[in-house]
Amino acid sequence: MSSLQLAEVPKRFYGLGLPYVDLSELKGKIIVIEGTDGVGRSTQIAMLRDWLEVQGFATMETGWTRSELIGQTIDEAKEGHSLNRWTFNLLYATDFADRLENQIIPALRAGYIVLADRYIYTAFARAHLRSVDPQWVRELFGFALVPDIVFYLKIDVRMLIQRVLEAGGMDYWESGQDLHPQLDMYESFRRYQAQLLKVYDQLAIEYQFHVLNARHSVQRTQRVLQDAITRYLFEKPGAPRSRRRPKSTA
Amino acid sequence: MATLNQKHDFPGKLIIVEGIDGSGKSTQLLLLQRWLQAQGLKVFFTEWNSSPLVKKASKAGKRKGILTPTTFSLLHATDFADRLAQKIIPPLKAGMVVLADRYAFTAFARDAARGVDRRWVRRVYNFSVRPDLAFYFRVPIDVSLKRLMVGRTQLKYYEAGMDLHLSTDPVESFRLFQSRVLKEYDRMVKEYSLIVIDARESISVMQRRVRMMVQKALGIQSAPED
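Going down the list, the sequences are from chains A and B.
Position 17 of the first sequence, counting from 1, maps to 17 under the numbering used here, and the rest follow consecutively.
Position 176 of the second sequence, counting from 1, maps to 176 under the numbering used here, and the rest follow consecutively.
A portion of the hints provided could be inaccurate.
[Said to hold, decoys possible] DEER-style ranges, computed between Cβ atoms:
id, chain 1, residue 1, chain 2, residue 2, range
1, B, Tyr-157, A, Pro-19, 17 to 27 Å
2, B, Lys-55, A, Ser-42, 26 to 36 Å
3, A, Pro-106, B, Asn-49, 25 to 35 Å
4, B, Tyr-157, A, Gly-15, 25 to 35 Å
5, A, Arg-215, B, Lys-55, 38 to 48 Å
6, A, Ser-131, B, Leu-164, 37 to 47 Å
7, B, Tyr-157, A, Asp-22, 22 to 32 Å
8, B, Asp-198, A, Ala-7, 54 to 64 Å
9, B, Glu-191, A, Leu-179, 34 to 44 Å
[Claimed, not checked] Some chain B residues well away from chain A (every beta-carbon gap over 10 Å; in silico):
id, residue
10, Gln-6
11, Asp-9
12, Phe-10
13, Asp-21
14, Leu-41
15, Lys-183
16, Met-188
17, Arg-200
These are computed hints drawn from the structure, not numbers from a lab.
This structure is a prediction, so every number in the text was calculated from the model and none was measured.
Beta carbons: idealized from backbone N, C-alpha and C, even for Gly.
Construct all of the structure, not just a fragment, from the sequences and the given hints.
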């Protein structure tokens, strides 16, 4: 058992939160791994879980659109291409709210470390490219808890395209085909993903992501993640508090 | 883009009815529809919670008991957004009269009564089209209960707000939950200029009032009939 323990930092909501949730009960931590497809988010999360559990911390994993309530509906709706700019975001918000209230908050109450594979920024980025009012989508997700730390695995568009093709190919939405149906799928994909990366760069500043270069080896990336988590989320018993705002570690 | 706070500029008209269950609003809307059609107007009717997009998820969520006040609210907002884009805006663009049985105000009332932040739910629905006429059928709880229990042996779980665990007795729970809903409606009367109709009146008296208001708003020439 390591001598590390979780630093106590009060939780807060991004906007108008859940009036019926008592934030002082939420003792655990939220670690977010953001990034586009093909950056190795799930590999890094699996390794973090191992590491944290060896350190003696209980962990819980939650992933974008994996909600019991609405995950399947989202898959089917995407299949049918029947979403408009509001329903697209409202379904994401429903997915997030279901996981927040039925998984994340109970885990935080029990003192777990929650590892989130993507977070609300994924919705912000996609909404941005679809000309949805950015203020509306941020207010919609106002009930989201501010994570304790957000890592963004950054990749360049060339590498991203190769990794996605390697992993099985492009789909309609990830190619932004709804935005430019006149383009062939590859052209549409390339353009959409390039725009997406630009939006993520803006979000990284707005939400103070720790930006990591996803071209580095899996082991090296993992080491950077572990160092940052140790630095910002843990404290040695008795040691003086150092609570700096996370800054980019890229 | 249309919002709830400013007048839309579609050629059609949007008329909505609100009120708790048992207020008689659906009957009133049906009678209004008959009359408008008899005047030769093209009418489109839509009702709350009827889009196929989230139907399965809502049903399963209720059955499994995993809905929270916030997911309950968001499922209804999704349903509404889907109907707005597919059912409400196209006939408004085509110059038709759209009749909606319940509108965003239902969400504002119920979700706030369930403990969701009332400012948040208003922001979520900010993309709604502002109705040209919004009728609120105000009825005391006892009258609504009496009407609902005719031909029924029990109240529906969510209608009675049983998910809030206010009481184990459905009738008592209905009373407590719907009083909260009524309070929320009352705050909206001024906020959104709802036209209050006393729903203790007879069906024909209410309908005459509704038709008079609609006639004025739509500029219909012939005299309203009973």
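Evaluated hints:
no.	hint	verdict
1	B:Tyr-157 with A:Pro-19: 17 to 27 Å	holds, 23 Å
2	B:Lys-55 with A:Ser-42: 26 to 36 Å	holds, 32 Å
3	A:Pro-106 with B:Asn-49: 25 to 35 Å	holds, 28 Å
4	B:Tyr-157 with A:Gly-15: 25 to 35 Å	holds, 31 Å
5	A:Arg-215 with B:Lys-55: 38 to 48 Å	holds, 45 Å
6	A:Ser-131 with B:Leu-164: 37 to 47 Å	holds, 38 Å
7	B:Tyr-157 with A:Asp-22: 22 to 32 Å	holds, 26 Å
8	B:Asp-198 with A:Ala-7: 54 to 64 Å	holds, 59 Å
9	B:Glu-191 with A:Leu-179: 34 to 44 Å	holds, 37 Å
10	Gln-6	holds, 14 Å
11	Asp-9	holds, 18 Å
12	Phe-10	holds, 17 Å
13	Asp-21	holds, 24 Å
14	Leu-41	holds, 27 Å
15	Lys-183	holds, 16 Å
16	Met-188	holds, 18 Å
17	Arg-200	holds, 33 Å
Hint check: no violations occur; every hint is consistent with the structure.
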